[in-house]
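Please model the entire structure based on the sequences and the hints provided.
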Amino acid sequence: MLTEGQRQGSGRDGQGGAKRHKRFEVLEKRDVNKDGFVKEWPEVGLIAMGSPEDPEPSIKIENGVIVEMDGKARDDFDFNEIFIANHTIDATVAEEMMAIDAVQIARMIVDINVPRAEVLKVFTGLTPAKIAAVMDQMNVVEMMMGLQKMRARRTPAIQGHVTNIQDNPVLMAADAGEAGLYGFSELETTVAVTRYAPFNALALLVGGQTGRGGILTQDALEEATELQLGMRGLTTYAETVSVYGTEGVFVDGDDTPWSKSFLASGYASRGLKMRFTSGTGSEVQMASAEGKSMLYLEIKCVMIAKGAGVQGLQNGSISCIAVPGGVPGGIRAVIAENLVTTCMDMEVASGNDQSFSHSPYRRTAKTLLQMLPGTDFIFSGYSTVPNYDNMFAGSNFDCDDNDDYLIISRDMKVDGGLVPAAEEDLIAVRNKAARALQAVFAELGLPRITDEEIEAATYAHGSEDMPDRDKVQDTKAATAMMERGVTGLDVVKALAKRGFRDVATNVLEIQKQRVSGDYLHTSAILDPEFNVVAAVNDLNDYEGPGTGYRLQGERWQQIADIRQALGPDDI
Amino acid sequence: MSDNVGATPVGATPVIDGNEPAEETTRVAEEMELREVGEAERGSAPDEVVIAISPAFGDQLKRQTLTGIPHAAIMRELLAGIEEEGIKARVIRVWRTSDLAFIGHDGTKLSGSGIAISIQSRGTTLIHQRDLVPLNNLELFPQAPNLDLPTYRTIARNAARYAKGDHPTPVSQWNDPMSRPKWQAISSVYHIRETGFVKKGAKPVELEVTIKEPDAASHAAEGAR
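Here the protein sequences come in this chain order: A and B. Numbering-wise, this note's numbering puts 378 at position 378 of the first sequence, and it's gapless, one number per residue. Every number in this note's numbering is 571 more than the matching position in the second sequence, counting from 1.
Calculated directly from the structure, the hints in this document are not laboratory data. Treat the hints loosely; a few may be bogus.
[What the hints assert, rightly or not] Calculated cross-link-like contacts (lysine to aspartate or glutamate; reagent style DMTMM-like; alpha-carbon spacing at most 20 angstroms):
| id | chain 1 | residue 1 | chain 2 | residue 2 |
| --- | --- | --- | --- | --- |
| 1 | B | K770 | A | E290 |
| 2 | A | K493 | A | E509 |
| 3 | B | K633 | B | D747 |
| 4 | B | K770 | A | E43 |
| 5 | A | K471 | A | E452 |
| 6 | A | K121 | A | D111 |
| 7 | A | K39 | B | E765 |
| 8 | B | K771 | A | D252 |
| 9 | B | K633 | B | D719 |
| 10 | A | K471 | B | E710 |
| 11 | B | K771 | A | E247 |
| 12 | B | K633 | B | E610 |
| 13 | B | K771 | A | E509 |
| 14 | B | K680 | A | D252 |
| 15 | B | K633 | B | E604 |
| 16 | B | K680 | B | E610 |
| 17 | B | K771 | A | D254 |
| 18 | B | K770 | A | E509 |
| 19 | B | K633 | B | E765 |
| 20 | A | K497 | A | E509 |
| 21 | B | K770 | A | E247 |
| 22 | A | K34 | B | D747 |
| 23 | A | K413 | A | E543 |
| 24 | B | K783 | B | E602 |
| 25 | B | K659 | B | E610 |
| 26 | B | K774 | A | D252 |
| 27 | A | K497 | A | E443 |
[What the hints assert, rightly or not] Distance windows between CB atoms, simulated:
| id | chain 1 | residue 1 | chain 2 | residue 2 | range |
| --- | --- | --- | --- | --- | --- |
| 28 | B | R667 | A | E28 | 40 to 48 angstroms |
| 29 | B | D737 | A | G445 | 30 to 38 angstroms |
| 30 | B | D737 | A | K19 | 52 to 60 angstroms |
| 31 | A | I82 | B | L706 | 20 to 28 angstroms |
| 32 | A | R270 | B | P713 | 29 to 37 angstroms |
| 33 | B | D737 | A | E222 | 50 to 58 angstroms |
| 34 | B | L706 | A | G445 | 30 to 38 angstroms |
| 35 | A | P360 | B | K633 | 30 to 38 angstroms |
[Said to hold, decoys possible] Short, incomplete list of chain A residues facing chain B, as computed with Cβ under 7 angstroms:
| id | residue |
| --- | --- |
| 36 | D35 |
| 37 | V44 |
| 38 | T225 |
| 39 | Q228 |
| 40 | V284 |
Backbone N, C-alpha and C define an ideal beta-carbon position, used for all residues, glycine too.
Dropping the structure here:
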C-alpha cells in the first residue's frame, strides 16, 4: 500500500507536474500510444455496436409487402430502408426467420453441423436490427469460426495495392510483376495525379500479366473514368462504388441506392467484375450517423449491396478504420461486418487495407481475425509497395512486412494468400515486366522508357530509387492515348510484335474473359491457366475438421520452404 | 487524449512521441474578432477571393485546429497570402453545412473571381472554383495535421493566382500513412462537434475580421514566411 505521501510523490518534476512513474514514461513512448483513441459518444453514433438509438428487431408483412421493419412503419422508411425492404429481404420467409432467437441464429453460424446453405436461408429473411442482434451474441473467436464456414469461395485469396507517389509506370509494371509471383489474385492501383490514370491501368495490366497470367486488375478512380478504362479492356474489375448506411451521407455524395445499382449493372453488363464498398465509421465520420451504432449502419450497407445484386462487397471499415479502431470493441465490429457480408452470400474483400495503428501488435492482431479463418480476399489491399508509395494513404501491411506475414502463415499452417518468392526470380520478373511495358510504350508511340529506368525499376525498393520522368509529357500522352481509343487489343498486338508473346497471350486471355463473363460469378478469381475459381465451382464446403479448405500438398511445401530455414547440410 | 489537444503548442504534436516539443521561438496570432455584417452578397470584383469558414471556425470550441494551430493565426496567413498577390480577400461564414466541399462551393458562388478557399475548424482546407461540381475542386488538403502556417499562406497565394487566371503549381503535399491511426477518430469527434453549430437553411454571412496581433506581432509573420 502506498501512503498518501508516496502516491503524491515526495516532490514534483522540473515542469511542475506530478512525479511520474518511470514505467509510464516508457509506456507513453510505445507505438500504441501514438494511436488516437476516443471515448464512446452514443448520441452521435460514436459507438461500435449496440447504440441505445439502434432499433429493436421487428417485421410486419401485409399482402407480401413489408409494412413495418425494426419498429418503423413503411411510411417512415428512409430510402435505404425502402430499398432493403423491397430488394433485399425475402418477404415470403421473413416472418419465419425473424421468429428465430438471435442467439439461436448465432449458434447456427458457429455450429459445424448446420450447413452454410441453411444459414444463408435464414439471413434472407432478417432485418438490419435482427442481424445486429445476432452479431451481438458472438465473440470474435465465434465470428472467426463463422467466417471460416460462411465465406463464399473455398480457397482464400488476397488483393494487393500497387501504386507509387510519382505514378511512375515503369516501377508500377515491375511491382505488379513482383506481386504476381507472390501470389496476389487481384491488384488495385490508383493515382497521385488523376491524368496519369490511363498509364497506371496500362502498367498494371502489362506488369500483372507478366507476373502471373490471370491476375485481375483495377484502377480506383472517379467512377465514370474507371468504367471507361474497364470498357477499353485496360482493367478487369472495380470496387470503389461506395454505399452508406444513412440517407444523409448518400445525399451528400449526390447518390442513392438506385443510382449505385445502375452503376453496378453498367460494369457487369460490360463484362467487368464489380463489388461495392462500405464500412463501419463512414457515417459517424461525416457527422451523419443519426445516433446509430457503426455496425448497425454497416449492416444496412451490406443489405443494400445484396439488394443491388452485386456479387460482393469490400468492407471491414476500409478508409475509416481508425474510427472503429478508436472506440471500445471496434475491431470486433469490423470482423462482424465481414461475417454479415458472407452470411448474405456475397464475396467479401475484408479490409486490412489501410494503415490502422502504429503498433505492430495491434496491426497483426487485427489482421489475424481475417487471416486465420480465411476470407475471399483477406486483404482488400495489402501494400505490395512500401507504404510511402501507397496512394491509398498506407495499408495495414506493406512489402517490408512480407517475410513476417509469410512466416506467420508458416507458423500457423494457414494460407494467407501469399507464397514465398526467390530474390532472383523476383528480379527477373521485375525486369521482364518493365521491358514489356517499354515495348508497349514504344509501339503505341508513348513517351520513351529508357534502359536506365528499366534497370532502376528492376532493383528498386520504391519510387525513391527511380529517376524522374517528364510528367507533363506523360500526362499529355496519357490523355492522347484515351482520345485515340487505345484498347487492350492494341496492347496485345504491341506485345506480340515486340516478342513478348507469352505476355501478349495473357493479356488476350484477359480480354476474352470479359466476353465470356464467367468471372462475374460470386467471388471469382482466375488461376494461372485462366480457369475461373468461384463460389460456383469452388464453393466453400466447410463443415468442421476434415472438410473445407486445407493448406496441404505442394502449396504447403511452398509456404513451408522459406529461404531463411537452415537444413542439416547448412550446419 | 482529446483533452490534451487544446494545450498543445503550435506546430508540435500533442501525441507523446518521446521528443520534447520544440521551444516556441515565435508567437503567432491567437485571437481574432469576427463581426457579422449582414448577409453575404455576391461580389462583382473580379480581383477578390472569398475565404469561406465553417460554422465553428474562429470563435467556437477551442478556436484552434486538430494540431492546435490557432484559427486566428491561420486567418492571418490566408489574408496575407491573398493580399501579397494583389488580390482582395473577403471572409464569409457558411452556416448551412459543415461539409468542406459545399462550404467552398457556396463561397465560389459569392466570390467575384469565382475562386474560394474553404476551411473547417479542424484545419481541413480546399481551393474551389465556381462552375466545378461541388465534390470537385482545384486543390484539396485532406490531411489537416500535415498543414502548417507557411502552407496555409501558400494555399492562399495559389487561390489568388487562380483568381488572376494563372496556373500555379499545386501546393506540394506530403502523404503520411500514420496520419489516419493518429488522427481519424479524434478528427471525427471534432467534425461532429462542429456540425452541432450548423444552422440548417441559414444564408452565408459577411464577416469583418480583426486579428489581435501578439506582442511580437511582426516576428510571427516573419517566422511563418
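Against the structure, the hints:
1. K770/B - E290/A: Roughly 17 angstroms between the alpha carbons, so the hint for K770/B and E290/A holds.
2. K493/A - E509/A: holds, 13 angstroms
3. K633/B - D747/B: violated, 25 angstroms
4. K770/B - E43/A: OK: K770/B and E43/A at ~19 angstroms, within 20 angstroms.
5. K471/A - E452/A: holds, 17 angstroms
6. K121/A - D111/A: holds, 15 angstroms
7. K39/A - E765/B: holds, 17 angstroms
8. K771/B - D252/A: At roughly 14 angstroms apart (the allowed maximum being 20 angstroms), D252/A and K771/B satisfy the hint.
9. K633/B - D719/B: Judged against 20 angstroms, a Cα distance of about 18 angstroms means the pair holds.
10. K471/A - E710/B: holds, 18 angstroms
11. K771/B - E247/A: Cα-Cα ~16 angstroms, so holds.
12. K633/B - E610/B: Given pair K633/B, E610/B is violated - Cα atoms ~26 angstroms apart, limit 20 angstroms.
13. K771/B - E509/A: violated, 55 angstroms
14. K680/B - D252/A: With a Cα-Cα distance of about 18 angstroms, the restraint between K680/B and D252/A holds, given a limit of 20 angstroms.
15. K633/B - E604/B: This hinted pair holds, its Cα atoms lying about 14 angstroms apart.
16. K680/B - E610/B: Since the Cα atoms of K680/B and E610/B sit roughly 14 angstroms apart, the hinted pair holds (cutoff 20 angstroms).
17. K771/B - D254/A: Holds: K771/B and D254/A sit about 18 angstroms apart, inside 20 angstroms.
18. K770/B - E509/A: The given pair, whose Cα atoms are some 57 angstroms apart, is violated under the 20 angstroms limit.
19. K633/B - E765/B: Judged against 20 angstroms, a Cα distance of about 11 angstroms means the pair holds.
20. K497/A - E509/A: holds, 17 angstroms
21. K770/B - E247/A: holds, 19 angstroms
22. K34/A - D747/B: Holds - the C-alpha atoms of D747/B and K34/A are around 13 angstroms apart, at most 20 angstroms.
23. K413/A - E543/A: holds, 19 angstroms
24. K783/B - E602/B: holds, 5 angstroms
25. K659/B - E610/B: Holds, at roughly 19 angstroms.
26. K774/B - D252/A: holds, 19 angstroms
27. K497/A - E443/A: holds, 8 angstroms
28. R667/B - E28/A: 40 to 48 angstroms: Cβ of R667/B to Cβ of E28/A: about 42 angstroms, so the range 40 to 48 angstroms holds.
29. D737/B - G445/A: 30 to 38 angstroms: holds, 32 angstroms
30. D737/B - K19/A: 52 to 60 angstroms: holds, 58 angstroms
31. I82/A - L706/B: 20 to 28 angstroms: With a Cβ separation near 25 angstroms, I82/A and L706/B satisfy 20 to 28 angstroms, so the hint holds.
32. R270/A - P713/B: 29 to 37 angstroms: With Cβ atoms ~31 angstroms apart, the hint holds.
33. D737/B - E222/A: 50 to 58 angstroms: violated, 25 angstroms
34. L706/B - G445/A: 30 to 38 angstroms: Since the Cβ atoms of L706/B and G445/A sit about 35 angstroms apart, the hinted range of 30 to 38 angstroms holds.
35. P360/A - K633/B: 30 to 38 angstroms: About 33 angstroms separates the Cβ atoms of P360/A and K633/B, which means 30 to 38 angstroms holds.
36. D35: Holds, because the Cβ-Cβ distance from D35/A to chain B comes to roughly 5 angstroms (cut-off 7 angstroms).
37. V44: It holds, given that the least Cβ distance between V44/A and chain B is near 5 angstroms, below 7 angstroms.
38. T225: violated, 13 angstroms
39. Q228: violated, 17 angstroms
40. V284: holds, 6 angstroms
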